[in-house]
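Peer 1: Per this note's numbering, the very first residue in the sequence shown carries number 1; after that it's consecutive.
Hints may be right or wrong, so weigh each one.
Derived BS3-like pairs: lysine-lysine, alpha-carbon spacing no greater than 25 Å straight-line [as the list claims (entries may be wrong)]:
#, residue 1, residue 2
1, K172, K183
2, K218, K113
3, K153, K218
4, K95, K172
5, K44, K140
6, K218, K117
7, K182, K113
8, K44, K95
9, K172, K44
10, K113, K153
11, K140, K95
12, K53, K182
13, K180, K44
14, K152, K218
15, K95, K218
16, K182, K44
17, K172, K153
18, K113, K183
19, K172, K218
20, K44, K117
21, K152, K140
22, K53, K113
None of these hints come from the bench; they were simulated from the model.
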Amino acid sequence: MGFVELHTAEARICHGSICDSSNCDGSNWNGSNCDGSLFVREQKVFMIPDTEKTPLPWCGGFGICRHIPLAEMTDLYWWGIRVPQVDEIDGYENKQGIIYCQHCHTEFRVDFKSYGKAGNALFITIWMDLGQGRDSNDFKRRIRLDGSERRKKLTYQRGSICAAFEQNTEFKFDSLLTEKDKKDLRTPSYWSWPINVTVLGKEVGIGYMVRNGRLVPKF
């Protein structure tokens with residue numbers, strides 16, 4: 001494969017109603033009032049060789065949610081996600097911050113970090129509010145599974161799902177890595193990067209832009 005991948009996930013129950021509060025701006029979040037929903041945080045980290053100009057894996061993909069699919073990593077460009085080139089990544093700051101789906105209770109962010117000669121890391125962190133799960137007709141469950149609901153727009157405060165899960169309004173994307181994780185990421189892949197395979201973002205169209213955490217179509 002030529003790159004190293006790390007995948008972690010954690011689930012927890014939050015109690016109260018903060019996660020759906022339309023009047024929460026994140027700055028006055030006090031760690032109370034979630035509604036007994038099941039929350040999941042998932043993080044994928046990819047360590048790309050520092051010889052590659054674009055810090056993205058050459059194969060593989062996954063969905064942020066059913067509304068934001070990534071058939072391959074270059075789809076990040078299609079969704080308007082900023083991807084720095086290798087000469088920009090040292091000290092790179094993610095100015096897009098948390099992005100949220102307008103059709104289900106999912107938030108995510110995309111970050112990059114240089115690890116010197118060990119490579120450049122892509123971090124994709126996702127937070128999901130899956131609902132209480134007590135009823136098969138639970139709205140938060142239904143909008144993820146029912147095609148008839150998939151384009152209804154929701155209203156919830158940007159950053160509220162992340163804040164409810166983390167019990168904090170601040171999140172440092174690389175804080176989840178253990179020392180073992182860092183060692184594993186720095187260990188070169190057994191397989192080398194394929195010859196004559198280069199990831200070029202300029203070959204990918206851009207269909208959306210990120211505006212205040214929302215994915216806004218350009219078409």
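Peer 1: Hint by hint, say whether it matches the structure.
Peer 2: Checked hints:
1. K172 to K183: 19 Å, holds
2. K218 to K113: Distance of about 29 Å is beyond 25 Å: violated.
3. K153 to K218: Holds. K153 to K218 sits at ~18 Å (cutoff 25 Å).
4. K95 to K172: Given pair K95, K172 holds - Cα atoms ~13 Å apart, limit 25 Å.
5. K44 to K140: Roughly 24 Å separates the two Cα atoms, so the pair holds.
6. K218 to K117: Judged against 25 Å, a Cα distance of about 38 Å means the pair is violated.
7. K182 to K113: Holds: K182 and K113 sit about 12 Å apart, inside 25 Å.
8. K44 to K95: It holds: about 20 Å lies between the C-alpha atoms, which stays within 25 Å.
9. K172 to K44: Holds - the C-alpha atoms of K44 and K172 are around 14 Å apart, at most 25 Å.
10. K113 to K153: Measuring from Cα to Cα gives roughly 33 Å; hence the hint is violated.
11. K140 to K95: Judged against 25 Å, a Cα distance of about 29 Å means the pair is violated.
12. K53 to K182: Holds: K53 and K182 sit about 22 Å apart, inside 25 Å.
13. K180 to K44: 15 Å, holds
14. K152 to K218: Within the cut-off at roughly 19 Å; holds.
15. K95 to K218: The given pair, whose Cα atoms are some 20 Å apart, holds under the 25 Å limit.
16. K182 to K44: 13 Å, holds
17. K172 to K153: This hinted pair is violated, its Cα atoms lying about 29 Å apart.
18. K113 to K183: Judged against 25 Å, a Cα distance of about 15 Å means the pair holds.
19. K172 to K218: 30 Å, violated
20. K44 to K117: 21 Å, holds
21. K152 to K140: Answer holds: K152 to K140 is near 12 Å, not above 25 Å.
22. K53 to K113: 14 Å, holds
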